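Q: Using the sequences plus the hints, can you model the full thing?
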Amino acid sequence: MNDNLIIADTLFSSRLFTGTGKFGNHLTMEEALLASGTELVTVALKRINPDEEEEDILQHLNHKHLRLLPNTSGVRNAEEAVFAARLAREALHTNWLKLEIHPDPKYLMPDPIETLKAAEILVKEGFIVLPYIHADPVLCKRLEAVGVAAVMPLGSPIGSNMGLKTMEFLEIIIEQSNIPVIIDAGIGAPSHAAAAMEMGADAVLVNTAIAVAGNPVNMAHAFKMAVIAGRMAYLAKLGTVKKYAENSSPLTAFLS
Amino acid sequence: MFQDTFEKYNWDEVRTSIYSKTDKDVLRALSTTKRDIEDFKALISPAAAPYLEQMAQLSHQLTQKRFGKTIQLYAPLYLSNECQNICNYCGFSFDNKIKRKTLSGIEILQEAQYLKQQGFEHALLVTGEATQTVGVGYLQNSIKLLKDVFSNISIEVQPLEQNEYEVLINEGLYAVLVYQETYHKDNYKDYHPKGKKSNFNYRLDTPDRLGKAGIHKIGLGVLIGLEDWRTDNFFTALHLNYLEKKYWQTKYSISFPRLRPAEGLIEPKVIISDKELVQLICAWRIFNEELELSISTRESEVFRNNIIKLGTTSMSAGSRTNPGGYTIEEESLEQFEINDDRSVEEIINQIKKTGYKPVWKDWFLMKNATVLALP
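Protein sequence lines correspond, in order, to chains A and B.
0 is the number of the first residue of the first sequence in numbering that gives the first Met the number 0; add one for each residue after it.
0 is the number of the first residue of the second sequence in numbering that gives the first Met the number 0; add one for each residue after it.
Possibly wrong hints are sitting among the right ones.
[Said to hold, decoys possible] Cross-link-like lysine to aspartate or glutamate pairs, in silico, EDC-like; alpha carbons within 20 Å at most:
| id | chain 1 | residue 1 | chain 2 | residue 2 |
| --- | --- | --- | --- | --- |
| 1 | A | 105 | B | 289 |
| 2 | A | 105 | B | 207 |
| 3 | B | 244 | A | 30 |
| 4 | B | 352 | A | 55 |
| 5 | B | 352 | A | 30 |
| 6 | B | 115 | A | 30 |
| 7 | B | 250 | A | 55 |
| 8 | B | 216 | A | 103 |
| 9 | A | 105 | B | 189 |
| 10 | B | 351 | A | 29 |
| 11 | A | 105 | B | 35 |
| 12 | A | 223 | A | 29 |
| 13 | B | 115 | A | 55 |
| 14 | A | 63 | A | 103 |
| 15 | B | 64 | A | 103 |
| 16 | B | 146 | A | 29 |
| 17 | B | 352 | A | 29 |
| 18 | A | 105 | B | 291 |
| 19 | B | 211 | A | 103 |
| 20 | B | 33 | A | 103 |
| 21 | B | 245 | A | 103 |
[As the list claims (entries may be wrong)] These stretches of chain A come out as covered by chain B in the derived footprint (C-beta under 8 Å, 3 or more residues):
| id | stretch |
| --- | --- |
| 22 | 23-37 |
| 23 | 44-50 |
| 24 | 74-83 |
| 25 | 115-123 |
| 26 | 190-201 |
[Stated by the list, open to error] On the chain B side, residues computed to face chain A include the following (Cβ under 10 Å):
| id | residue |
| --- | --- |
| 27 | 63 |
| 28 | 69 |
| 29 | 249 |
| 30 | 251 |
| 31 | 342 |
| 32 | 358 |
| 33 | 359 |
Worth flagging that the hints you see were computed from the coordinates, not collected in a lab.
The structure displayed is predicted, hence computed values, not measured ones.
Quick reminder that beta carbons are idealized off the backbone N, C-alpha and C, glycines included.
A: What follows is the structure, given as structure tokens:
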């Protein structure tokens with residue numbers, strides 16, 4: 000069965016998106032990304048260093064199947080985000096953009112107001128915008144209305160590995176969305192990724208859990224399998240969960 | 000302003016409270032997930048000493064979760080050693096009969112080019128306090144010159160007014176490091192008998208002015224060697240808690256400078272052992288998972304090699320602490336003696352050998368963007 004994910008007319012056969020930060024070295028990162036089967040990797044614009052020829056991260060991402068998704072990490076408002084987006088487009092020759100505006104440097108909580116403002120401008124400027132946001136169903140609809148290519152609600156705070164703490168809201172977002180829903184941030188274990196996919200998420204984005212694992216390459220592979228399994232389960236329709244055993248002497252037996 | 004919070008505390012009471020923490024308090028601090036300032040007291044107390052390995056493991060895990068296997072690199076760039084303050088622990092002290100030097104624009108660029116060739120993208124500009132020659136105009140001009148060279152510019156200079164900070168931030172300034180040196184208000188005057196720096200409260204409220212100016216990052220810390228380091232670090236934590244709540248859009252970093260030998264200097268009143276310094280660093284990490292923790296070349300090679308895994312997130316390398324020290328006047332008087340004099344390359348190799356990735360660049364100057372106006 001053909002079950003590809005399409006974002007802005009681009010086809011993805013892998014539903015596992017990955018980050019590039021936090022790895023101990025570029026080679027391990029490259030190996031892990033290849034093992035994960037990912038086709039979309041996000042790169043922080045602030046880490047791109049053209050002066051650092053020897054250890055340029057981009058050299059390790061130079062694979063045909065890897066699409067780059069520059070992110071605006073570090074900006075605090077819409078204006079800075081727009082500036083960063085233009086810079087990223089110039090530096091990385093792509094109009095794809097993970098829009099992240101977190102004015103709170105402690106928990107890196109995304110600013111919904113500035114994100115919506117920036118998204119509107121950037122879509123008009125021809126960017127393919129994937130905004131990182133709270134699991135806020137109304138915000139997702141508002142972003143959809145301004146023309147973003149997908150939404151990226153968080154499962155829990157970035158880098159926390161806490162899993163899908165926003166589950167109830169993610170379910171509403173998935174139910175209501177006309178564009179792909181990518182669950183980003185907080186996914187700390189393959190089981191979390193599988194759960195997200197079983198819920199009907201279109202994709203997940205994982206970074207910390209792979210980068211900081213004892214063996215990042217094996218962990219990347221584990222995530223790959225979890226995402227495939229979760230997606231397969233979703234398509235196969237899970238059985239309903241029964242909270243009580245069926246009573247052997249039903250209360251309504253007298254009716255039959 | 001922080002002064003109001005600060006005035007509610009009494010140094011001796013805080014000190015007694017830290018020294019009376021028990022095993023039970025330490026275990027509670029280690030096992031909970033959200034830690035408050037009482038937990039921090041327990042973690043820096045003598046009672047926590049037997050739990051050092053546990054603290055180190057926890058600090059290691061928490062740091063990797065947040066920052067990954069990375070160490071950020073920066074270089075200090077001393078612009079001037081002119082200073083009107085008398086501080087009896089500092090090589091730049093006004094009463095120290097040394098050759099004074101303030102770099103010209105061309106000299107600044109020459110030094111910057113040297114650091115850039117080494118790979119540095121994050122620079123920390125350092126001066127004494129000499130407002131006639133090294134005032135806001137001089138600093139503004141320096142940032143203007145350097146923002147095309149470096150991706151990230153921080154300063155460690157005299158405290159300024161809010162509007163002066165705003166000027167520098169608009170020019171591209173990222174962070175300001177301003178250490179209180181000690182929160183022991185009565186004894187502060189003994190260490191800083193003359194000059195603007197002798198005004199304890201003006202320095203204490205500097206981070207407030209920075210927060211209001213909308214700075215990206217503020218670096219806090221005390222000079223270890225002046226007063227009881229545990230009590231001083233409690234007050235730093237108190238200051239941090241206050242700032243984090245009030246200026247929530249600002250990032251914070253903590254440093255742990257130990258008093259180093261320098262010309263004309265007093266002997267440290269308090270000695271912190273390596274073991275205790277590790278305890279302190281781990282305590283900070285466990286207390287605040289998101290905090291940047293910085294280690295300079297004041298520390299020895301062995302200590303720095305091992306601290307990479309224990310909570311540190313940024314390091315300087317190949318540093319010189321005298322103006323022009325990299326390329327111009329290599330022998331002129333330094334602020335303090337460097338303890339780890341390895342080359343940048345050696346330190347990079349050490350970081351890699353430890354399984355960490357050296358990060359040279361983690362910022363870009365938003366030159367066209369205006370600073371966010373804060374309420």
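Q: Against each hint, give a clear statement of whether it holds in the structure.
A: Now for the hints, and whether the structure bears them out:
Distance check on the hinted pair: residue 105/A and residue 289/B sit about 6 Å apart at the alpha-carbon level, within 20 Å; holds. A threshold of 20 Å between alpha carbons decides the hint, and for residue 105/A with residue 207/B the separation of about 18 Å falls inside it, so the pair holds. With a CA separation close to 41 Å, the supplied pair residue 244/B and residue 30/A exceeds the 20 Å bound. With a C-alpha separation of about 19 Å, the suggested pairing of residue 352/B with residue 55/A holds against the 20 Å cut-off.
For the given pair, residue 352/B sits about 19 Å from residue 30/A by alpha-carbon distance, which is consistent with the 20 Å threshold. A distance of roughly 30 Å separates the Cα atoms of residue 115/B and residue 30/A; the hinted pair therefore is violated under the 20 Å criterion. With a C-alpha separation of about 27 Å, the suggested pair residue 250/B and residue 55/A falls outside the 20 Å cut-off, and the hint is violated. Among the hinted pairs, residue 216/B with residue 103/A is consistent with the structure: their alpha-carbon atoms are about 12 Å apart, no more than 20 Å.
For a cut-off of 20 Å, the pair hint linking residue 105/A to residue 189/B is broken: about 36 Å separates their Cα positions. Distance hint between residue 351/B and residue 29/A is fulfilled; the C-alpha atoms sit about 16 Å from each other, no more than 20 Å. Restraint check for residue 105/A and residue 35/B: satisfied, since their Cα atoms lie roughly 16 Å apart, inside the 20 Å limit. Our distance criterion of 20 Å between C-alpha atoms is met by residue 223/A and residue 29/A, whose separation comes to about 15 Å.
Simply put, residue 115/B and residue 55/A have alpha-carbon atoms about 16 Å apart, close enough for the 20 Å limit, and the pair holds. In summary, the hint linking residue 63/A to residue 103/A is not supported, as the alpha carbons are separated by about 36 Å, beyond the 20 Å threshold. Our distance criterion of 20 Å between C-alpha atoms is met by residue 64/B and residue 103/A, whose separation comes to about 18 Å. Of the supplied pair hints, the one linking residue 146/B and residue 29/A is violated, its CA atoms being roughly 32 Å apart against a limit of 20 Å.
Simply put, residue 352/B and residue 29/A have alpha-carbon atoms about 19 Å apart, close enough for the 20 Å limit, and the pair holds. A C-alpha spacing of about 10 Å is found between residue 105/A and residue 291/B, which places the hinted pair at or below 20 Å, so the restraint holds. For the given pair, residue 211/B sits about 15 Å from residue 103/A by alpha-carbon distance, which is consistent with the 20 Å threshold. With a CA separation close to 18 Å, the supplied pair residue 33/B and residue 103/A stays within the 20 Å bound.
For the hint linking residue 245/B to residue 103/A, the alpha-carbon distance of about 12 Å falls within 20 Å, and the restraint holds. Counting residues of the stretch 23-37 of chain A whose beta carbon lies closer than 8 Å to any beta carbon of chain B gives 3, which meets the minimum of three for the stated coverage. For the stretch 44-50 of chain A, the stated coverage by chain B is satisfied: 6 residues place a CB nearer than 8 Å to a CB of that chain, which reaches the threshold of 3. Note: the stretch 74-83 of chain A has 7 residues with beta-carbon separation from chain B under 8 Å; the three-residue rule is met and the coverage holds.
Counting residues of the stretch 115-123 of chain A whose CB falls under 8 Å from any CB of chain B gives 0; the rule of at least 3 is not met. Under a criterion of three residues with beta carbons nearer than 8 Å to beta carbons of chain B, the stated coverage of the stretch 190-201 of chain A fails, only 0 such residues being counted. Nearest Cβ of chain A to the Cβ of residue 63/B: about 5 Å, under the 10 Å cut. The hint holds. Given hint, residue 69/B at the interface with chain A, holds; its Cβ is 7 Å from that chain's nearest Cβ, closer than 10 Å.
Interface hint at residue 249/B: satisfied, since its Cβ lies 7 Å from the closest Cβ of chain A, which is below the 10 Å cut-off. Interface hint status for residue 251/B: upheld, as the beta-carbon distance to the closest one in chain A is roughly 8 Å, under 10 Å. The closest approach between the C-beta of residue 342/B and any C-beta of chain A is roughly 16 Å, which is over the 10 Å cut-off, so the hint fails. Here the hint on residue 358/B is kept, as its CB sits about 7 Å from the closest CB of chain A, short of 10 Å.
Against a cut-off of 10 Å between C-beta atoms, the interface hint on residue 359/B holds, since the closest Cβ of chain A lies about 6 Å away.
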